[in-house]
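With the hints as constraints, model all of the structure from the sequences given.
Position 21 of the sequence shown, counting from 1, maps to 21 under the UniProt record's numbering, and the rest follow consecutively.
In short, the hints are calculated from the structure, not lab data.
Glycine included, each C-beta is placed from N, C-alpha and C at the ideal position.
Every clue listed holds true.
Now the in silico label distances, taken between C-beta atoms and shown as ranges:
1. 19 / 39: 27 to 37 Å
2. 35 / 1: 13 to 23 Å
3. 42 / 18: 13 to 23 Å
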Amino acid sequence: MISQETIDAIRLKYGTFKNELDERSNRVWAAIEANALGYGGV
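Take a look at the structure:
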């Protein structure tokens with residue numbers, strides 16, 4: 001399970017630039033974050 005601190009950090013990062021992302025870049029960003037969390041992180 002992901003800690004609440006990690007979830008909050010991801011929300012903060014995403015919130016700062018979500019309006020600048022199109023569908024493709026949004027998916028790429030999500031994949032990068034999932035990869036950074038490692039196996040079982042999502």
